[in-house]
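With the hints in hand, could you dock these two chains into one complex?
Chains as they are written, first to last, in this note's numbering: chain A, 1 to 349; chain B, 350 to 527.
Treat each hint with caution, since some may be false.
[To be verified] Here are some of the chain B residues that sit facing chain A, going by a computed Cβ distance under 8 Å:
no.: 1; residue: 379
no.: 2; residue: 384
no.: 3; residue: 387
no.: 4; residue: 389
no.: 5; residue: 391
[Stated by the list, open to error] Between beta-carbon pairs, the in silico distance windows are:
no.: 6; chain 1: B; residue 1: 472; chain 2: A; residue 2: 320; range: 46 to 54 Å
no.: 7; chain 1: B; residue 1: 374; chain 2: A; residue 2: 88; range: 39 to 47 Å
no.: 8; chain 1: A; residue 1: 341; chain 2: B; residue 2: 374; range: 24 to 32 Å
no.: 9; chain 1: B; residue 1: 402; chain 2: A; residue 2: 66; range: 33 to 41 Å
no.: 10; chain 1: B; residue 1: 470; chain 2: A; residue 2: 243; range: 42 to 50 Å
no.: 11; chain 1: A; residue 1: 50; chain 2: B; residue 2: 515; range: 31 to 39 Å
no.: 12; chain 1: A; residue 1: 88; chain 2: B; residue 2: 357; range: 49 to 57 Å
no.: 13; chain 1: B; residue 1: 505; chain 2: A; residue 2: 149; range: 53 to 61 Å
no.: 14; chain 1: A; residue 1: 347; chain 2: B; residue 2: 369; range: 30 to 38 Å
no.: 15; chain 1: A; residue 1: 347; chain 2: B; residue 2: 374; range: 28 to 36 Å
no.: 16; chain 1: B; residue 1: 357; chain 2: A; residue 2: 232; range: 26 to 34 Å
[Unchecked claim] The list that follows gives simulated cross-link-like pairs (lysine-lysine, BS3-like), each with its CA atoms no further than 25 Å apart:
no.: 17; chain 1: B; residue 1: 378; chain 2: A; residue 2: 38
no.: 18; chain 1: B; residue 1: 461; chain 2: B; residue 2: 504
no.: 19; chain 1: A; residue 1: 38; chain 2: B; residue 2: 390
no.: 20; chain 1: B; residue 1: 523; chain 2: B; residue 2: 504
no.: 21; chain 1: B; residue 1: 400; chain 2: A; residue 2: 38
no.: 22; chain 1: B; residue 1: 390; chain 2: B; residue 2: 378
no.: 23; chain 1: B; residue 1: 523; chain 2: B; residue 2: 512
no.: 24; chain 1: B; residue 1: 512; chain 2: B; residue 2: 457
no.: 25; chain 1: A; residue 1: 327; chain 2: B; residue 2: 378
no.: 26; chain 1: B; residue 1: 389; chain 2: A; residue 2: 38
no.: 27; chain 1: A; residue 1: 80; chain 2: A; residue 2: 66
no.: 28; chain 1: B; residue 1: 389; chain 2: B; residue 2: 378
no.: 29; chain 1: B; residue 1: 481; chain 2: B; residue 2: 461
no.: 30; chain 1: B; residue 1: 400; chain 2: B; residue 2: 389
no.: 31; chain 1: B; residue 1: 512; chain 2: B; residue 2: 400
For the record, the hints were derived by calculation from the structure and aren't laboratory data.
Every value quoted in this text rests on a predicted model; they were computed, and no experiment measured them.
C-beta: ideal position from N, C-alpha, C; glycine also.
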Amino acid sequence: MTLLALDWILMLEKLILIAIIVFASLGIALYTTFSERKVAAVLQDRPGPNRAGPMGLLQPLADGLKLIMKEEIIPNSASKALFILGPAMAMTAALMTCAVIPWSSSVELFGRKIDLQIADINIGILYVFGVVSMGVYGIMIGGWASNNKFSLMAALRGASQAISYELAMGLSLIAVLMISGSLSLKTIVDQQMAPGAWWNIVYQPLGFILFFVCAMAECNRTPFDLPEAENELNMGYHQEYSSMKLGFYLFAEYVNMIMSSAVMASLYFGGYDIPFLDESTLAPNIAAILGVLSLLTKIVIFLFLFMWIRWTIPRFRYDQLMNLGWKSLIPLALVNMLATGAVILWQQG
Amino acid sequence: MQALTNRSKAVNRDPMTFMERLYLPNIVKGMAITFSHIFKKQPTIQYPEQKREFSPVFRGLHVLNRDAEGRENCTACGLCAVACPAEAITMEAAERMPGEEHLYREEKYAAKYEINMLRCIFCGLCEEACPKDAIYLSETFAPANFTRKGFIYGKDDLLIPNKNTAPEEYATAKGAAR
Numbered sequence: 001m002t003l004l005a006l007d008w009i010l011m012l013e014k015l016i017l018i019a020i021i022v023f024a025s026l027g028i029a030l031y032t033t034f035s036e037r038k039v040a041a042v043l044q045d046r047p048g049p050n051r052a053g054p055m056g057l058l059q060p061l062a063d064g065l066k067l068i069m070k071e072e073i074i075p076n077s078a079s080k081a082l083f084i085l086g087p088a089m090a091m092t093a094a095l096m097t098c099a100v101i102p103w104s105s106s107v108e109l110f111g112r113k114i115d116l117q118i119a120d121i122n123i124g125i126l127y128v129f130g131v132v133s134m135g136v137y138g139i140m141i142g143g144w145a146s147n148n149k150f151s152l153m154a155a156l157r158g159a160s161q162a163i164s165y166e167l168a169m170g171l172s173l174i175a176v177l178m179i180s181g182s183l184s185l186k187t188i189v190d191q192q193m194a195p196g197a198w199w200n201i202v203y204q205p206l207g208f209i210l211f212f213v214c215a216m217a218e219c220n221r222t223p224f225d226l227p228e229a230e231n232e233l234n235m236g237y238h239q240e241y242s243s244m245k246l247g248f249y250l251f252a253e254y255v256n257m258i259m260s261s262a263v264m265a266s267l268y269f270g271g272y273d274i275p276f277l278d279e280s281t282l283a284p285n286i287a288a289i290l291g292v293l294s295l296l297t298k299i300v301i302f303l304f305l306f307m308w309i310r311w312t313i314p315r316f317r318y319d320q321l322m323n324l325g326w327k328s329l330i331p332l333a334l335v336n337m338l339a340t341g342a343v344i345l346w347q348q349g
Numbered sequence: 350m351q352a353l354t355n356r357s358k359a360v361n362r363d364p365m366t367f368m369e370r371l372y373l374p375n376i377v378k379g380m381a382i383t384f385s386h387i388f389k390k391q392p393t394i395q396y397p398e399q400k401r402e403f404s405p406v407f408r409g410l411h412v413l414n415r416d417a418e419g420r421e422n423c424t425a426c427g428l429c430a431v432a433c434p435a436e437a438i439t440m441e442a443a444e445r446m447p448g449e450e451h452l453y454r455e456e457k458y459a460a461k462y463e464i465n466m467l468r469c470i471f472c473g474l475c476e477e478a479c480p481k482d483a484i485y486l487s488e489t490f491a492p493a494n495f496t497r498k499g500f501i502y503g504k505d506d507l508l509i510p511n512k513n514t515a516p517e518e519y520a521t522a523k524g525a526a527r
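Excised from the complex, chain B in its bound form (with noise of 0.2 Å):
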């Protein structure tokens, strides 16, 4: 039979020799491979105070965007809730008022805007199907709750932080500050 991967080994099943039937020669050499190892490296993260760093690709919690002004994108198109495969995000659309200018961009927005982060997949086809770059998967993951309310996740959690008048909880939201 030809071999699938040339990993395969083929098993020995001779019968032990003498000094294979000693066993301390054998145990010697195992304790010196794990003795060996006292002096590697560790790779070990210490959790709370380091913190690994994602990849820029990775797709975690989401964020809904602001522009430059600190105005909100979205205008509650629902292109995104049409995308969600696990039919995670529902949205309320509502009219932008004379004087709310300077909140939303544009003439609609989201009056309710909300992810079930139980149902959500973290695949990213919102933010792919997103036509106003509203919304964006950050580098931080969903913490964990004690309740399944407490995973839907509505507007005041999504979205974030003006940049403008609050960095520094910004770039806590977007995750890449670390």
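Bound-form chain A, shown alone (with noise of 0.2 Å):
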């Protein structure tokens, strides 16, 4: 009798906007991957891929269709069940993230109202901080179930590399934490919104730059790619993937790298908040449809920053990776956390 009791209509509601958020997702990461090679055939003054379609914007859809083609292959040596595993557990991660970010205020839609968010659980953040860790796990069991020493050194540098910045990041979000006192993110984005409210990035400008370094570092983004270093380990933790589990990875990198941009925008830089206008004179549902696109503004931003610095900067060498994460990042975060706390105490008197 307990199931009839339940809101059948919000979870239909949920359902279709767990579809639109893990489609739109991918959907952008599939641009993403062509606005990277475009990011970086401007940065080298080149063109880009301009070929399939106007301007070459057929051409994720080729590449993904190239992906699905290819012949699906598990070496011998290779453990089977995990090595399908592992580029699922990468996705799976990735698109898990997306569940709590809010992605604009409430529409009204035949009488009710609808949160365009997916749950707002009071840990949020935690929450992604959990699933993102777990996206570790995708590298690991793919690299070991490889059984190719090339991918298995990949996966421990993946491994010990997500460590290490998690703490820092970690202890870079404690400051925000203490600022907001909540760990829901709706409810971290509503106090920036709030009238005569700054962004967080105004108070935690040294926090923002430690944590966007480690998002970099737990995307594998460049400078951070040590698990996929082209010239180190050929192509790290899949190089014995091909077909659409190569692609799984590859997609899951991109994911990772928008829902990471939308915590970044929803911690620092006021989520969907739109910066010099206050919300609340605007209609409810134009505000939220502006809402959306202020955060996917913020996004596309920082997906532009992740590119432009991975088509800037070469990679660390391992122990620069190590040394920066321990000896750098870790202390300043804490100094960060220590200064915050102080000058909340301050405030309070």
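Structure, rendered in structure tokens:
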């Protein structure tokens, strides 16, 4: 009988929202691969892909089709179940993050108030951290199951890198949480949206830089792309993968980038807040749509930043990576946390 | 030690200063450089549609020349084959029969003329050796082929189309018309 007590319309609403968000993030990830290539090209004085469709806009579809049509190879010596589990976990973990990101305020449709967030759980950001650190299992399992020494080394690198940088990331996050006093992403965004309130970047510039560097390391982006360092480890953990399993790994990286951009936008840049505009003066539905656009703009800016950095900075050496993580970022994050705590205490008198 | 060029720079092995150890200022500097490249002119040539002009001295695929009346210049004297360092040229001579004066300029002509484009090094010595202005290196290059045999170019591949009857094909073979 408890089943019948469920709000079935709410279920339907959330299902539709999940479908929209998952497919939208996949679509955006698809075009992020394209823009990655375009950004790389213009930064290197090239035109980039421009043959498939007008201005090359069909290129990601062609790439996807190519990946699907390729032969699916599972090496004989690979551990089959884990070999398949690896990319699946990487993709799942990447996509699960989007559940707690507040995409916008609520819209009113058919007399119902629909939150544009799949789940506003009160431990939102902790959930993100939990899921993101699960993403490293995708790399580890994939690298181990390949039964290839390069893949294994890449997996080890990926795991140790993720662990080291998650620490600094968590510590720089604590400073934000001290200001907001809540773990729910929605609350954090709403506090930044409130009239007269500033975005968290104003209070936490150092924290943001630390978080950004760590996010880049978590996404395995250059300059921290040691797990897939082409010139040392061939392809790293996805060396033995082919067809769509490889595609999933590559895709997961882009979905991770989008999600970490969304998290950073929500934590430090006001999420779906439109700067210098009081959203409460607008009709709620229009405000919600503008909010989505605002968040997407912030995400696109972050994605461009990710790409811009990738095509500028060479890769860290492994010991440099560890030095930076443990000897620079973590102490800085601790200092930032203590300073924030001290200021908050002093303000409270 | 005396430097060979004036371009050498001494490597600075001083320990990094605080500003350098911050990384970020230099990273920002580097990012400014890459960003400025967005606005630079791209040197790309969109290949199949646009083609880059070869220089007039480009040594490409060979053509066998005709004279102003469209008659073949080659007399199959074999000097080109002798001059060829890669030994890529073979030919067989034949005598011009009465009534063929409109085809061949002199009494002797090449019945068979073959150049193996896999052996040819495009040095242009055949062009220099030819006393009759019969062989030239055009401004085109040998297209890819699937078989080795396909790279042995016979007379029908090499002989330039008649300028008077087929001017367009003539220009394509010469390669300078773009």
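Taking the hints in turn, this is what the structure says about them:
The interface hint given for residue 379 (chain B) is met, as the beta carbon of that residue sits about 5 Å from the closest beta carbon of chain A, less than 8 Å. The criterion of a C-beta within 8 Å of any C-beta in chain A is met by residue 384 (chain B), whose closest approach is roughly 7 Å, and the hint holds. About 5 Å separates the beta-carbon of residue 387 (chain B) from the nearest beta-carbon of chain A, less than 8 Å, and the hint is met. This hint holds: residue 389 (chain B) has a C-beta 5 Å from the nearest C-beta of chain A, less than the 8 Å allowed.
Restraint check, residue 391 (chain B) versus chain A: the minimum CB separation of about 5 Å is within 8 Å; hint holds. Taking 46 to 54 Å as the suggested C-beta distance range, the pair residue 472 (chain B) and residue 320 (chain A) conforms, at roughly 51 Å. Between residue 374 (chain B) and residue 88 (chain A) the Cβ separation comes to about 42 Å, which falls inside the hinted range of 39 to 47 Å. With their beta carbons about 28 Å apart, residue 341 (chain A) and residue 374 (chain B) fall inside the hinted range of 24 to 32 Å.
About 34 Å separates the C-beta atoms of residue 402 (chain B) and residue 66 (chain A), a value consistent with the hinted range of 33 to 41 Å. At roughly 43 Å, the beta-carbon separation of residue 470 (chain B) and residue 243 (chain A) lies within the given 42 to 50 Å, and the hint holds. A C-beta distance of roughly 36 Å is found between residue 50 (chain A) and residue 515 (chain B), which places it inside the suggested range of 31 to 39 Å. For residue 88 (chain A) and residue 357 (chain B), the Cβ-Cβ distance of about 54 Å falls inside the hinted range of 49 to 57 Å, so the restraint holds.
Take residue 505 (chain B) and residue 149 (chain A): their Cβ atoms lie about 57 Å apart, and the range 53 to 61 Å holds. Range check, residue 347 (chain A) to residue 369 (chain B): about 36 Å between beta-carbon atoms, so the 30 to 38 Å window is met. The hinted window of 28 to 36 Å between residue 347 (chain A) and residue 374 (chain B) holds, with their beta carbons roughly 32 Å apart. At about 30 Å, the CB distance of residue 357 (chain B) to residue 232 (chain A) agrees with the hint of 26 to 34 Å.
Distance hint between residue 378 (chain B) and residue 38 (chain A) is fulfilled; the C-alpha atoms sit about 22 Å from each other, no more than 25 Å. Pair hint residue 461 (chain B) plus residue 504 (chain B) holds up; C-alpha atoms about 6 Å apart against a cutoff of 25 Å. Taken as a hint, the residue 38 (chain A) and residue 390 (chain B) pair is honoured in the structure, with Cα atoms around 15 Å apart against an allowance of 25 Å. Using a Cα cut-off of 25 Å, the hinted pair residue 523 (chain B) and residue 504 (chain B) holds, with the two alpha carbons roughly 15 Å apart.
A hinted pair counts as satisfied when its Cα atoms are at most 25 Å apart, and residue 400 (chain B) with residue 38 (chain A) qualifies at roughly 23 Å. For the hint linking residue 390 (chain B) to residue 378 (chain B), the alpha-carbon distance of about 21 Å falls within 25 Å, and the restraint holds. Between residue 523 (chain B) and residue 512 (chain B) the alpha-carbon distance is near 11 Å, which keeps this suggested pair within the 25 Å criterion. Straight-line distance between C-alpha atoms of residue 512 (chain B) and residue 457 (chain B) comes to about 22 Å, which keeps the hinted pair within the 25 Å bound.
Between residue 327 (chain A) and residue 378 (chain B), the direct Cα distance comes to roughly 24 Å. Compliance with the 25 Å bound is thereby established for this hinted pair. Using a Cα cut-off of 25 Å, the hinted pair residue 389 (chain B) and residue 38 (chain A) holds, with the two alpha carbons roughly 15 Å apart. Restraint check for residue 80 (chain A) and residue 66 (chain A): satisfied, since their Cα atoms lie roughly 23 Å apart, inside the 25 Å limit. A distance of roughly 17 Å separates the Cα atoms of residue 389 (chain B) and residue 378 (chain B); the hinted pair therefore holds under the 25 Å criterion.
Between the alpha carbons of residue 481 (chain B) and residue 461 (chain B) the distance comes to roughly 17 Å, so the proposed pair stays at or under 25 Å and holds. With a C-alpha separation of about 21 Å, the suggested pair residue 400 (chain B) and residue 389 (chain B) falls inside the 25 Å cut-off, and the hint holds. Restraint check: the Cα-Cα separation between residue 512 (chain B) and residue 400 (chain B) comes to about 23 Å, which is no more than 25 Å; the hinted pair holds.
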